[in-house]
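K.L.:
Sequence:
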Amino acid sequence: MKDLVSKIVALAKRRGIVFQNSEIYGGVQGFYDYGPIGSLMKLNWKNLWWTDNVVNRADVVGIDGSIITHPTVWQASGHVKNFGDILVECKNCHKRFRPDLIDNAKKCPECGGQFTDARSYNILFKTEIGVIEGEKMRAYLRGEACQNIYLNFKNVVDSSRVKIPFGIAQIGKAFRNEITPKNFLYRTREFEQWDIQYFVEATQMDKWYDYWKQQRMDWYQGLFNSKADLRFRQHLKDELAFYAKKAFDIEYNAPWGWAEMEGIHWRADYDLTQHSKFSGKDLSYLDQTTNKKYIPHIVETSGGVDRSFFFLLLDAYQEQTMDNGETRIYLKINPKIAAYKVAVFPLASNKPELVDTASNIYQTLQKSFSVDFDDSSNIGKKYRRQDEIGTPWCLVVDFQTLDDQTVTLRHRDTTKQTRVKINSLSKWLTKNLSNF
1 MKDLVSKIVA LAKRRGIVFQ NSEIYGGVQG FYDYGPIGSL MKLNWKNLWW
51 TDNVVNRADV VGIDGSIITH PTVWQASGHV KNFGDILVEC KNCHKRFRPD
101 LIDNAKKCPE CGGQFTDARS YNILFKTEIG VIEGEKMRAY LRGEACQNIY
151 LNFKNVVDSS RVKIPFGIAQ IGKAFRNEIT PKNFLYRTRE FEQWDIQYFV
201 EATQMDKWYD YWKQQRMDWY QGLFNSKADL RFRQHLKDEL AFYAKKAFDI
251 EYNAPWGWAE MEGIHWRADY DLTQHSKFSG KDLSYLDQTT NKKYIPHIVE
301 TSGGVDRSFF FLLLDAYQEQ TMDNGETRIY LKINPKIAAY KVAVFPLASN
351 KPELVDTASN IYQTLQKSFS VDFDDSSNIG KKYRRQDEIG TPWCLVVDFQ
401 TLDDQTVTLR HRDTTKQTRV KINSLSKWLT KNLSNF
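In my numbering, the protein residues as written are 1 to 436.
Just so you know, these hints were derived from the structure itself, not from any lab.
Accuracy of the hints is not assured; some may be wrong.
Once the Cα atoms are required to be at most 25 Å apart in a straight line, the calculated DSS-like pairs of lysine-lysine come out as [what the hints assert, rightly or not]:
(1) K237 to K351
(2) K182 to K106
(3) K136 to K126
(4) K136 to K46
(5) K293 to K277
(6) K336 to K246
Derived Cβ-Cβ restraints for the label pairs, each shown as a range [stated by the list, open to error]:
(7) N155 to S22: 36 to 44 Å
(8) S426 to D404: 13 to 21 Å
(9) E133 to Q366: 27 to 35 Å
(10) N155 to K106: 19 to 27 Å
(11) S22 to T289: 50 to 58 Å
This structure is a prediction, so every number in the text was calculated from the model and none was measured.
Glycine included, every Cβ here is placed at the ideal spot set by N, Cα and C.
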């Protein structure tokens, strides 16, 4: 669908998934806020990554680093000198553009003016530390989250029982003053990244690089509906950093073309070597078994939380023409990511006996599951609302419930209904959730 992105944007606002930041003031390009539903979905998305990559692994530990670091960090990493976009500026309206995003046009697409020669613009966000004018220290909002991992490598080794090979993981905010934010959550100025920096002995790099490359693809394929819309793209030689032997992106087939979701990078010993050089601190690792001391090499997996969440929405969006000619919209999203696992309704909101029974079921299920309760409007509107946010099951308390203590459970994807005993609901939901 060519207009799929606009449909997702409209759905995201309508159902409280994502809002434009500062919308009442006209908005700020490249910044978004997650609403009541979206914040739950994004939290589930991050928790799923954290559980699979940290909690369930003995060889990966986590940290949570600061957004602002010592400014020398960004000199050591090369961001102050090299982190930027190649841009042209219109001599008339002074707007700037990346040449590749305007098909290398010779004139400004806004006003028709002539361009300056292309040059590099640094996209780090600058800030200051201190309160006294003239004594403030220039600093930067981090342009990537992973630098905190390198800065804390020695702290983690000294304070933990980790032994190479091992990884350090982090989910955190990053900031890039993108000249052309675009495609909703895909290219923004404030975003979250999830990173694993996996430290290995140099001769083991090929083995662990191939392992993490496949591991990350398998993880995404297990959660997206369409595996065909995920692929690897190998970086060409002229794209590789000088220290990299290889690099691959996991890409999603977005409406505007294949787009990067996560990178698996061969970083060698560059990062720890640079920070050792600039800080004067020895960041080498001592192997207690062999008594060998060396700077570890690094396999990096670095993905965008927001852009992958956006791709999940694109992948999950479904339209179905019903028998009455109406179009049913639903998100076919994994229940592990859905904001609610089940929504509880009374069939009629003006019948106290149904509302009270539904409320009691809701309070019981709420102890074990993320549950929504809705006693407003008619049953069709209730279903429509839950379908559009991806709730996998809707539970309806009807008049039969009062007779036999069963409720109706309607499945989101098939709309098929089944009756389940109230006292079996927790067991039934646990079993069906585990099937995903």
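K.L.:
Work down the list of hints and note, for each, if the structure agrees.
P.N.:
Hints versus structure:
{"no.": "1", "hint": "K237 to K351", "result": "violated, 69 Å"}
{"no.": "2", "hint": "K182 to K106", "result": "holds, 21 Å"}
{"no.": "3", "hint": "K136 to K126", "result": "holds, 12 Å"}
{"no.": "4", "hint": "K136 to K46", "result": "violated, 36 Å"}
{"no.": "5", "hint": "K293 to K277", "result": "holds, 17 Å"}
{"no.": "6", "hint": "K336 to K246", "result": "violated, 33 Å"}
{"no.": "7", "hint": "N155 to S22: 36 to 44 Å", "result": "holds, 38 Å"}
{"no.": "8", "hint": "S426 to D404: 13 to 21 Å", "result": "holds, 18 Å"}
{"no.": "9", "hint": "E133 to Q366: 27 to 35 Å", "result": "violated, 53 Å"}
{"no.": "10", "hint": "N155 to K106: 19 to 27 Å", "result": "violated, 53 Å"}
{"no.": "11", "hint": "S22 to T289: 50 to 58 Å", "result": "holds, 56 Å"}
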